[in-house]
Amino acid sequence: MRQGNRQGRSRFVLLGILAPAVIWLVLFLILPYFNLFSFSFWQNDVFTVRHEFNLLNYAKFFTESQTGAAPYLVLLDTLKLACWVTVCTLLLSFPLAYFIRFKVTRYKQALYMLVIIPLWVSYIMRAYSWKIILGTNGILNSFLLWLGIVDTPVSFFLYSDVSVIIGMTHIYTPFVLMPVYTALEQIPQNLIEASNDLGGNRLRTFLHVVFPLALPGIITGGTYAFVLSMGDFLAPSLLGGPTSSTKIANIVQQQFGTSNNWPYGAAIGIVILVLVLGLLEVTGRLERHFSKLESTSPRTLR
Amino acid sequence: MTKKIWSVIAVAMITSISLLAGCSGKEEKKDAAHEFQGSTLSMLIWEGYADPSFTALFEKQYGVKIKASYVTSDDDLLAKIKAGGGDAYDIVTPNGTMAGFLMESGITEPIDTSLIPNFKDISPRLILPDMKKDGKIYGVPYMWGPNYLIYDGDVFAEAPKSWSVLWDSTYKGKVGMWDDISNIYIVGEMMGLDKKDPGALYNMTEEQLATARKKLMELNSSVRKYWVSAGEVNDLFANKEIVISMGWPLTIRAVNEKGRHLKWTIPEEGTTGWVDRFMIVKGSKNQKLASLYINFIIGAEGQALTAKVTNYSVVNPKAAEFMSPELQKMTYVHEMDSLFVKLNFWQYVANRARYNEIWTEVKTGK
Chain R
0 MRQGNRQGRS RFVLLGILAP AVIWLVLFLI LPYFNLFSFS FWQNDVFTVR
50 HEFNLLNYAK FFTESQTGAA PYLVLLDTLK LACWVTVCTL LLSFPLAYFI
100 RFKVTRYKQA LYMLVIIPLW VSYIMRAYSW KIILGTNGIL NSFLLWLGIV
150 DTPVSFFLYS DVSVIIGMTH IYTPFVLMPV YTALEQIPQN LIEASNDLGG
200 NRLRTFLHVV FPLALPGIIT GGTYAFVLSM GDFLAPSLLG GPTSSTKIAN
250 IVQQQFGTSN NWPYGAAIGI VILVLVLGLL EVTGRLERHF SKLESTSPRT
300 LR
Chain D
0 MTKKIWSVIA VAMITSISLL AGCSGKEEKK DAAHEFQGST LSMLIWEGYA
50 DPSFTALFEK QYGVKIKASY VTSDDDLLAK IKAGGGDAYD IVTPNGTMAG
100 FLMESGITEP IDTSLIPNFK DISPRLILPD MKKDGKIYGV PYMWGPNYLI
150 YDGDVFAEAP KSWSVLWDST YKGKVGMWDD ISNIYIVGEM MGLDKKDPGA
200 LYNMTEEQLA TARKKLMELN SSVRKYWVSA GEVNDLFANK EIVISMGWPL
250 TIRAVNEKGR HLKWTIPEEG TTGWVDRFMI VKGSKNQKLA SLYINFIIGA
300 EGQALTAKVT NYSVVNPKAA EFMSPELQKM TYVHEMDSLF VKLNFWQYVA
350 NRARYNEIWT EVKTGK
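Protein chains in written order, with numbering that gives the first Met the number 0: chain R, 0 to 301; chain D, 0 to 365.
No lab work stands behind these hints: they were computed from the structure.
One thing to keep in mind: the hints can contain errors.
Beta-carbon label-pair distances, calculated as ranges [said to hold, decoys possible]:
| no. | chain 1 | residue 1 | chain 2 | residue 2 | range |
| --- | --- | --- | --- | --- | --- |
| 1 | D | 217 | R | 115 | 31 to 37 Å |
| 2 | R | 65 | D | 161 | 27 to 33 Å |
| 3 | R | 27 | D | 340 | 21 to 27 Å |
| 4 | R | 125 | D | 239 | 56 to 62 Å |
| 5 | R | 122 | D | 202 | 38 to 44 Å |
With a Cα cut of at most 20 Å, we get these calculated SDA-like pairs of lysine to any residue [to be verified]:
| no. | chain 1 | residue 1 | chain 2 | residue 2 |
| --- | --- | --- | --- | --- |
| 6 | D | 239 | R | 67 |
| 7 | R | 130 | R | 112 |
| 8 | D | 81 | R | 59 |
| 9 | D | 365 | R | 65 |
| 10 | D | 81 | D | 64 |
| 11 | R | 130 | D | 234 |
Bear in mind that the values here come from a model prediction, so they are computed numbers and not experimental data.
Glycine is no exception: its CB is placed at the ideal position from the N, C-alpha and C atoms.
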């Protein structure tokens, strides 16, 4: 009886502690998503929304328009861009994380911080600075002209897919570096030494010990880069060219802005949401599949 | 003893009450200037319409604050009003694209012109039909002007004659255009649609739209950037990313201040124009203050100050006496009529969703 009472009280306390978080989640996550979901089945009028259930918004997204191709092709373009950004950020982050983890002995923390510090600078500042670097009369072109590598400024550096990829790679690299570095850091030195003792050379150790153990971190980092760059509308609109500044997130933003079609925007939002949830499920499974180290308990290493 | 204390308290109370009463009496006598002390006037406007060179004068005179939010296109304006409404903005400055719609759908309120004595000085030509309904004034003209073809005087020896210069391969990758459906109007003018009826640009048939779409798709390869704001096109010209673009006098002023030589022209096909007007959003709690501001800024001096910042044309010809000779020339203040008749003023596009859809298709290249 008394025990039951105590249990009841602790449950009450737990509820009290969790309540703010639950209210927060319901108000700012679940309700808005629910709202978005229901909007996606309604129809737009000029200044209002008609509340009649229909699937026209989804149909519109997946079928050809009167004059042009189906809008979902923009989503495919965006996925392609996100793949590029993921590959570039990984190619940049992994060697860097590896270097900081295994090659640097002093100032390890300082080096790590150098990569993280840009996160404190406003996003728009970082995107704008690329305009100064990549522009026709920008730093990069001036440098190439000075070296004599080119005769006239290279125009595709800025306002093209290239500049969007460069900008996003810069912006999302810290998000990839952090999990990759964490994964590398958790690899016990004795495993590497064991590999060496058993006659494994550096490449063999890397391929059979370090890389497989870092894979979960690489997958996490890659997922971050992919999902974040897929939902980014600022970098394309600031750095993109005539046909590369409108990605799927820009289309969604347009529906809630200039195009004034909230239901259609909601429908595209739901499509993206489903896609991202599916992606997270797959990468989550992959991560668990490749996790060989139980980072919290060193028991398995004994 | 206690009696004495009580009498002292009583005297103190009486004097303080009378003092308070005196104070409040004085407050009632305070003039209109202090009626608004501490209020904030919120405006949703185009870039250049809240420069401190004139807003500060008004703020000081009435002890109020002016809060400006900017729009980047007519659709953006509608979206922002939709999101904010009368709680967020007191004044908006749409042009003919959205004004009629805002009036018809009851988003804005009639304006009491008796509070705006300077209204009588506005050139009657600029009080357009879509500013009035049932004998009431809904829009008070503020500034107007053409959508020029702006070009870099260092690159072009003489003014381009036609809008088709944008498609000229000589300037490939050096063309800037506004990220807006108005590009469809430009192609419409090149097709000669508005020769007989100016309204035809805003009412294009599906077939005409398809032609415009094809033409704009071809333009994609020449365009460096579809700019979103006036600030962005200024940078594009200043950094020599582009040499030609549709644009407004505001850009010419801002870029030439940095020692460049931008020039403007109206191509032979003609061009569209706009009259920005003040409208008061329904539910605004500062209607009287809004009227005072409108009166101030359409007055001769307010107009001249705005023209100095934007290089747009004034609606009040009396402004000329406050303007430099160059500014008078640039804004055509003495030739208002001759400029006015050249322009096809933007109108409401009933099928705006379709125009927007076409424009998105062009931008995505799909």
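The hints, checked one at a time:
1. D/217 x R/115: 31 to 37 Å: 46 Å, violated
2. R/65 x D/161: 27 to 33 Å: Holds - the Cβ-Cβ distance for residue 65 of chain R and residue 161 of chain D, about 29 Å, lies within 27 to 33 Å.
3. R/27 x D/340: 21 to 27 Å: Violated - the Cβ-Cβ distance for residue 27 of chain R and residue 340 of chain D, about 55 Å, lies outside 21 to 27 Å.
4. R/125 x D/239: 56 to 62 Å: 23 Å, violated
5. R/122 x D/202: 38 to 44 Å: Roughly 41 Å apart at Cβ, these two residues keep to the hinted range, so it holds.
6. D/239 x R/67: 33 Å, violated
7. R/130 x R/112: 25 Å, violated
8. D/81 x R/59: Violated, at roughly 24 Å.
9. D/365 x R/65: 12 Å, holds
10. D/81 x D/64: 24 Å, violated
11. R/130 x D/234: Distance of about 10 Å is within 20 Å: holds.
Hints 1, 3, 4, 6, 7, 8, 10 from the list above are not met by this structure, while the remaining hints are.
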